[in-house]
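Asker: Here is how the chains run, residue by residue.
2 protein chains.
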Amino acid sequence: MKFQPPKGTRDFLPEEMVRREYVIETIKRIFVAYGFDEIQTPVFEKWELLTKKCGEDIKQQIFEFEDKAGRKLGLRFDLTVGMARVIANNPQLPKPVKRYCIAPVWRYEEVTAGRKREFYQADIDIVGSKSMEAEAECIACAVDCLKALGFEDFKIYINNRKILDGILKFVSISEKKNLEIFRIIDKLEKIGKENVEKELEKIGIKKEKIKKLMKIISFKGKQEILERLEELKKIKIAEEGIKELKEIYKFSKFYGFSNFLFVNLSLARGLDYYTGPIFEIVAKAKKQVGSIAGGGRYDNLIELLGGRPTPATGISLGIERIIEIMKTERMLDLPRTKVKVFVANVNEKMKEKAVEVAQKLRKEGIPCQTDLMGRNLKKQLEFANSLGVPFCIIVGEKEVKENKFKLKNMKEKTEESLSLEEIIKILKPK
Amino acid sequence: MKFQPPKGTRDFLPEEMVRREYVIETIKRIFVAYGFDEIQTPVFEKWELLTKKCGEDIKQQIFEFEDKAGRKLGLRFDLTVGMARVIANNPQLPKPVKRYCIAPVWRYEEVTAGRKREFYQADIDIVGSKSMEAEAECIACAVDCLKALGFEDFKIYINNRKILDGILKFVSISEKKNLEIFRIIDKLEKIGKENVEKELEKIGIKKEKIKKLMKIISFKGKQEILERLEELKKIKIAEEGIKELKEIYKFSKFYGFSNFLFVNLSLARGLDYYTGPIFEIVAKAKKQVGSIAGGGRYDNLIELLGGRPTPATGISLGIERIIEIMKTERMLDLPRTKVKVFVANVNEKMKEKAVEVAQKLRKEGIPCQTDLMGRNLKKQLEFANSLGVPFCIIVGEKEVKENKFKLKNMKEKTEESLSLEEIIKILKPK
Numbered sequence: 002m003k004f005q006p007p008k009g010t011r012d013f014l015p016e017e018m019v020r021r022e023y024v025i026e027t028i029k030r031i032f033v034a035y036g037f038d039e040i041q042t043p044v045f046e047k048w049e050l051l052t053k054k055c056g057e058d059i060k061q062q063i064f065e066f067e068d069k070a071g072r073k074l075g076l077r078f079d080l081t082v083g084m085a086r087v088i089a090n091n092p093q094l095p096k097p098v099k100r101y102c103i104a105p106v107w108r109y110e111e112v113t114a115g116r117k118r119e120f121y122q123a124d125i126d127i128v129g130s131k132s133m134e135a136e137a138e139c140i141a142c143a144v145d146c147l148k149a150l151g152f153e154d155f156k157i158y159i160n161n162r163k164i165l166d167g168i169l170k171f172v173s174i175s176e177k178k179n180l181e182i183f184r185i186i187d188k189l190e191k192i193g194k195e196n197v198e199k200e201l202e203k204i205g206i207k208k209e210k211i212k213k214l215m216k217i218i219s220f221k222g223k224q225e226i227l228e229r230l231e232e233l234k235k236i237k238i239a240e241e242g243i244k245e246l247k248e249i250y251k252f253s254k255f256y257g258f259s260n261f262l263f264v265n266l267s268l269a270r271g272l273d274y275y276t277g278p279i280f281e282i283v284a285k286a287k288k289q290v291g292s293i294a295g296g297g298r299y300d301n302l303i304e305l306l307g308g309r310p311t312p313a314t315g316i317s318l319g320i321e322r323i324i325e326i327m328k329t330e331r332m333l334d335l336p337r338t339k340v341k342v343f344v345a346n347v348n349e350k351m352k353e354k355a356v357e358v359a360q361k362l363r364k365e366g367i368p369c370q371t372d373l374m375g376r377n378l379k380k381q382l383e384f385a386n387s388l389g390v391p392f393c394i395i396v397g398e399k400e401v402k403e404n405k406f407k408l409k410n411m412k413e414k415t416e417e418s419l420s421l422e423e424i425i426k427i428l429k430p431k
Numbered sequence: 002m003k004f005q006p007p008k009g010t011r012d013f014l015p016e017e018m019v020r021r022e023y024v025i026e027t028i029k030r031i032f033v034a035y036g037f038d039e040i041q042t043p044v045f046e047k048w049e050l051l052t053k054k055c056g057e058d059i060k061q062q063i064f065e066f067e068d069k070a071g072r073k074l075g076l077r078f079d080l081t082v083g084m085a086r087v088i089a090n091n092p093q094l095p096k097p098v099k100r101y102c103i104a105p106v107w108r109y110e111e112v113t114a115g116r117k118r119e120f121y122q123a124d125i126d127i128v129g130s131k132s133m134e135a136e137a138e139c140i141a142c143a144v145d146c147l148k149a150l151g152f153e154d155f156k157i158y159i160n161n162r163k164i165l166d167g168i169l170k171f172v173s174i175s176e177k178k179n180l181e182i183f184r185i186i187d188k189l190e191k192i193g194k195e196n197v198e199k200e201l202e203k204i205g206i207k208k209e210k211i212k213k214l215m216k217i218i219s220f221k222g223k224q225e226i227l228e229r230l231e232e233l234k235k236i237k238i239a240e241e242g243i244k245e246l247k248e249i250y251k252f253s254k255f256y257g258f259s260n261f262l263f264v265n266l267s268l269a270r271g272l273d274y275y276t277g278p279i280f281e282i283v284a285k286a287k288k289q290v291g292s293i294a295g296g297g298r299y300d301n302l303i304e305l306l307g308g309r310p311t312p313a314t315g316i317s318l319g320i321e322r323i324i325e326i327m328k329t330e331r332m333l334d335l336p337r338t339k340v341k342v343f344v345a346n347v348n349e350k351m352k353e354k355a356v357e358v359a360q361k362l363r364k365e366g367i368p369c370q371t372d373l374m375g376r377n378l379k380k381q382l383e384f385a386n387s388l389g390v391p392f393c394i395i396v397g398e399k400e401v402k403e404n405k406f407k408l409k410n411m412k413e414k415t416e417e418s419l420s421l422e423e424i425i426k427i428l429k430p431k
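For the protein sequence lines, the chains are A and B, in the order given.
Be aware that the first sequence starts at 2, since it is given in my numbering, and climbs by one per residue.
Be aware that the second sequence starts at 2, since it is given in my numbering, and climbs by one per residue.
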C-alpha cells in the first residue's frame, strides 16, 4: 500500500528543491543586506494566542490539536503572531527590532492548483518605529528581492486601515462591523463586486450604504488620487491615513520605487491585526496568481499579547506564488542537481583512488559523487547523465600515475585531459 | 496577559540564530559537497504512515491530530519516514538517491534542559545501494561536518542489527521479542545496567538469559573485537553482520576515519525500522549530552511503504546537541548580529543621503541599517552599539560633498576618513 502526502501538502524532489532554494537564498541575501536579523519561533503556538486577533476566517483555517497534557495548540497560520509574542516577552531587545523569518505556515483552505495548506512565507518586520520610513524600507527590501529574482514589472498597491475606517464613518456604517467589512471587501478581486455586495448585505449593511461604499473603494491610481479624497479629509482618522500614505510616497523616492506605487482603496488585507498602512505587490505575468507579497502596520498587536505598546510593520513574500510565476515566465533556468561532477572509476580496483579524488574536490567545495553501486564505467556515466550532472572525471591507474584525468563535459560531449589542479580551477565555485 | 511558547519549544532570538545558522550552513555546505541533493516533505504525515514501523516508544511520542475532514495525522518524529514514502512513490528517481534534509521534527518527550519537543535534525541518506560504501560515505560526511565545525575528538560506535539478532539467537531468546529487546538495551547508557535488566525481566526474559545477554553486549572496542566473537560467527545472521562491519572498517580507511571507529555491541538504536549496521557519534566534551549523530541501514522500510524493495542507509546529526557542546566548549565565537555597519545621519536633513549610502552598500552585499527612529547622532551610535554592530559610517553634508566618510570601528573605538569605495573594499564579504 502506497501513501500519498496529506491533502494540501507536497513533496519537493531534488530538481524542485534546487529552484526553491535558489529563490529562498536570494531573498535571504537581500533581507540580510537590509540589516534584518533572524528570529525563529515554534511551528505551533497556544490556541489562545493564535486566535487573539486573527479574525474569524483565519480562525476557521487553523490546524488545531491538543498535546498529551490537554493543552490546546494550533499550527501557526503566519509568522507575525509568534514574532509579536517574542517581542512582548523580550522588552530588553533594542528597538527597532529588524527581524526576518523564512518558514512554512499552515492554513486549512480549499486546495487548488496554486493554493496548498502548507506553504512558505518570507517575512521582514520592523518593530518599534512609528515612522513611515519603516514601511518604505520594508517595501524597498521586498522590491529588491523581486528584482534580484528577475522581476521587472510589478505594481505596489497601498491603502490604509485608517482611510478605510474613515470611509465607513463617511458612509455612516457602525464601527462595530469594520473588521468584518474589511474581510469582505478584501475579497473584491477574488470573488467580484456582486458577491462582495451580497456578503455585505448578508451582514446587515443597507443597500444605499453599500452603493456609496463600493463607489469610493473603487478608487485606484497614483498619488494624485489622494488629493481627490476631499470629503474624507474632513474625517480625522482618514486624514491621518492619507497623510501616512503621502509620507510613504515621499520616502519611496529615496528608495526609487515611487513609480511602482499605486493607491487602491479596495485593498483591505484579510487579517484583523492591521491598524495603519497596508500594501500588496502584484507581478505582471501571463498567469495571474494574485499578490506575491503583502503586509501592513499592526501597532496594537504586541500590546495585545502582553507587551509594551510597540508600533510595528512588516511585509511577507509568498514563496510558492513567486516560484509559480517564475516557472511560467521561464525565469528559473537552473541545473537539475547541485552535483557538479561524477568521479567515475575504470574498475573496482580504482574505487579507492576515485574516492581520494572526490575527497580532494569536496575539500575545495566542489559537489561530487562517486559510484556506490559497483557499476562499470559505461553505466556510471549513464547514471551521471540521468541525474543531470554536468561533468565527469575518469579515474584509472594511468590517470592517477600521470595526474592527467579526462574531464568530460556531459552536455557538450567534449573532453579534455587535465591535471587535478586544473580541474579544480575550472569547477571551483566562484 | 503574556504568552509563553508551548511547552518543550523555544524561541530563537537574533544572537542565537546567528549561531544556529552558522552550524546549519556549515553542515549543509558539507552535505552538498558530498553530492547530496535536497528533498523536503511535509511536517505532518498520515498517522498510519508514521506508525507503520516506528515502534511503541516513538508512537507514544507523536503529536497527533485530525484535519477538519477527520483524517488522522501526526507531526513527523524524524525525517526518514517521509523521505522513504517519497522514494516509494517515485520509482523513476535514478538510484542511488543521495538526499539531504535539515529541518525540525517533534517528539512528546519529558522536557529537560537539553531535551525539547521541537528540535532540528540534519539528515543524509543513500537510497538504492546495498554496499557498505554507502555507510562509509554517510559516516565520512558526518565526520567532515563535525570537523568543519571544529570538533576534533569523537568516537564513532558501530553495531549491526544482524549481530544483535544473532546474539539473541545465541542466548536462545525467541525472535518475536527482538525489537522490544533492542529498544530496551539501547537505553543502557541512559538508564544503567540494572534498569535494563529489570525491564528485560518485565517482558518475560529469564534471568540466566539476561545475564548471558548482558555479558556479550558489554563488548566494546576496536575492530579486533570482531575476531573474538567466535561463537557468534557460527550463527549465519550474525556472521553476515560481522562481515558488514569489517567492510565498513575497510572503507573507513579510504575516508580516513578508521581511527575513530569502535564496535559497541550494546548499541541498538531506538527505531524499529533498522535492519543492518547502526552507528552513533559521540563527541568528547566536558558536558556529556549523549550522541550527536546516529543512523543505520533500513533495507525494508521503502518496500513496507509500498515501494519496490530498496536498500537504504543514512545518518542524522542532532543540531541542538551539537550547538550545546559548541557553546560549552566555546567553539561558537560569533558576532551578535549579521549587521556589519550602521549608516548614521548627522541630522534629519541628511536622512535621504544616509539611505543612499546604505543602498550602495546593500548592493555590494554589505548588511547595514539606517536610523528609523528620528534619533540624534549620539543616540544612533548608542543603538548600533547595543545591537553589537561592528562599524558605523557618519553621513553629513560635508562628507557627501567630499566623498570622505568617517568609518568608526565600534569595538576598537578608532575611526578613519575614507571614500565610499574604500569603505566598500574593507566591509565587503570576502
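Hint data in this document are derived by calculation from the structure and do not stem from the laboratory.
Check the hints yourself; a few may be wrong.
Intra- or inter-copy, both count: the list cannot distinguish identical chains.
Said to hold, decoys possible - Restricting the straight-line Cα-Cα distance to at most 16 Å, the calculated cross-link-like pairs of lysine to aspartate or glutamate (EDC-like) are:
hint, residue 1, residue 2
1, 53, 79
2, 69, 26
3, 199, 176
4, 426, 225
5, 69, 111
6, 131, 153
7, 399, 65
8, 54, 67
9, 29, 365
10, 251, 353
11, 117, 198
The structure displayed is predicted, hence computed values, not measured ones.
Asker: Indicate, hint by hint, whether the structure satisfies it.
Answerer: Each hint, compared with the structure:
{"no.": "1", "hint": "53 with 79", "result": "within (13 Å within a copy, 32 Å between copies)"}
{"no.": "2", "hint": "69 with 26", "result": "neither (37 Å within a copy, 34 Å between copies)"}
{"no.": "3", "hint": "199 with 176", "result": "neither (20 Å within a copy, 68 Å between copies)"}
{"no.": "4", "hint": "426 with 225", "result": "neither (57 Å within a copy, 43 Å between copies)"}
{"no.": "5", "hint": "69 with 111", "result": "between (29 Å within a copy, 11 Å between copies)"}
{"no.": "6", "hint": "131 with 153", "result": "neither (30 Å within a copy, 50 Å between copies)"}
{"no.": "7", "hint": "399 with 65", "result": "neither (64 Å within a copy, 59 Å between copies)"}
{"no.": "8", "hint": "54 with 67", "result": "neither (21 Å within a copy, 24 Å between copies)"}
{"no.": "9", "hint": "29 with 365", "result": "between (24 Å within a copy, 15 Å between copies)"}
{"no.": "10", "hint": "251 with 353", "result": "between (65 Å within a copy, 10 Å between copies)"}
{"no.": "11", "hint": "117 with 198", "result": "neither (28 Å within a copy, 50 Å between copies)"}
Going through the hint list in order, the structure does not satisfy hints 2, 3, 4, 6, 7, 8, 11.
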